[in-house]
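Each step along the sequence shown adds one to the number in the numbering used here, with nothing skipped, and position 24 is 24.
No wet-lab data here; the hints were simulated from the structure.
It is possible that some hints are incorrect.
35 Å max Cα-Cα, derived DSBU-like pairs, lysine-lysine [to be verified]:
id, residue 1, residue 2
1, Lys279, Lys333
2, Lys164, Lys279
3, Lys279, Lys159
4, Lys101, Lys30
5, Lys30, Lys57
6, Lys30, Lys52
7, Lys164, Lys101
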Amino acid sequence: AQSNREDERMSGESAREIGEFALIERLKNKLGSVGNDADVIVGNGDDAAVIKAADGKCWVVTCDAQVSGVHFPSTGDVSGFAVGYKSLAVNVSDVAAMGGKPRFALISLGIPEETPVSFLDDLYGGVRALSEQYDILVLGGNVTRTSGPLFVDVFLVGKVMEEKVLRRSGARAGDRILVTGYLGDAAAGLHLSSTPHIQLREDVHASLTRAQLEPQPRVAEGVAIAESGLATSMMDISDGLAGDIRHLCEASGAGALLWGSELPVSGALFEAASVAAKKPMEWALHGGEDYELLVTTPAESVRALQEVLRRAGGAPLTPIGEILPASQGISLKRADGIIALENLAWEHFSA
């Protein structure tokens, strides 16, 4: 009865008032048992769904839309190449987070009538570049006219062996938390795009803006981690570390302590933060769109997992915290003590 009253109360609210994550949960509940099937290995609520295929193999399926003015600047302020590249890359990252390899894509475009054809040519140049890098076959899609902003919606299919699938839900108290690569570069790049007066060395500026517009999905790393059998959970970081560690903990029924001094931050980000009078830690924790992998593993397996990625030629894997019992919540260890970790994750419709 309480659930029904809450449902009725929310019916009179707007998407903005409810917020992205409450809206997703509400819509998921509307489906009830639809989608429940013995062939579904991982359903709603992870980076991607996983469906049984044959001979122990599984399909990994995901979709994500990128919208002008929301996920990237208007078409006059960004290259078509970057839009195409990023639209596919964010989906590739979801497949990588499950331990899979991307294989097939369908792409739907919503195009305002006044869009230059040259921009769309460049957009597909970005799609092609990433497709060739990861051997993805683009099998078609859909094109429609829109009176709103341009959007790109990608449906991506990958493959993974069933016993290698990694979920968000496997972290256990005592596990160590690790992350690939560096955190916060994309957020710094976004800040630079909106503050052109900031003067930085050309190579620093290029590195950070590239992180924001052309993220590098960690496919080789995800596959190597999954095949090692050492990880207990994995997901990608799209909403910011502070928000995504919360998602992982909720799925695993756990808490976490992040070690602030251990968060991997690039020299380029430090330089940009100094010039822009920003705190590197804020970008690293709350920036979002890093598309790095967030991984948990037993404490005794940390070095072995780092060695797996080293041998695979992957990005560095840095321990940044530990999984705690759920009763201890989610906290951040700083030089001045331990504080509750604020959740400032990116959220559509947020007020």
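Going straight from one Cα to the other, do Lys279 and Lys333 come out at no more than 35 Å?
16 Å, holds
Quickly compare the C-alpha distance for Lys164 and Lys279 to 35 Å and report which way the hint goes.
38 Å, violated
Sort out whether Lys52 lies within 35 Å of Lys30, counting only the CA atoms.
Holds: Lys30 and Lys52 sit about 25 Å apart, inside 35 Å.
Would you mind confirming whether the straight-line C-alpha gap from Lys279 to Lys159 stays at or under 35 Å?
Violated: Lys279 and Lys159 sit about 40 Å apart, past 35 Å.
Quickly compare the C-alpha distance for Lys164 and Lys101 to 35 Å and report which way the hint goes.
12 Å, holds
Is the straight-line distance between the alpha-carbon of Lys30 and that of Lys57 35 Å or less?
30 Å, holds
Does Lys101 pair with Lys30 here, judged by a C-alpha cut-off of 35 Å?
31 Å, holds
Hint compliance for this structure: hints 2, 3 are not met, and every other hint is.
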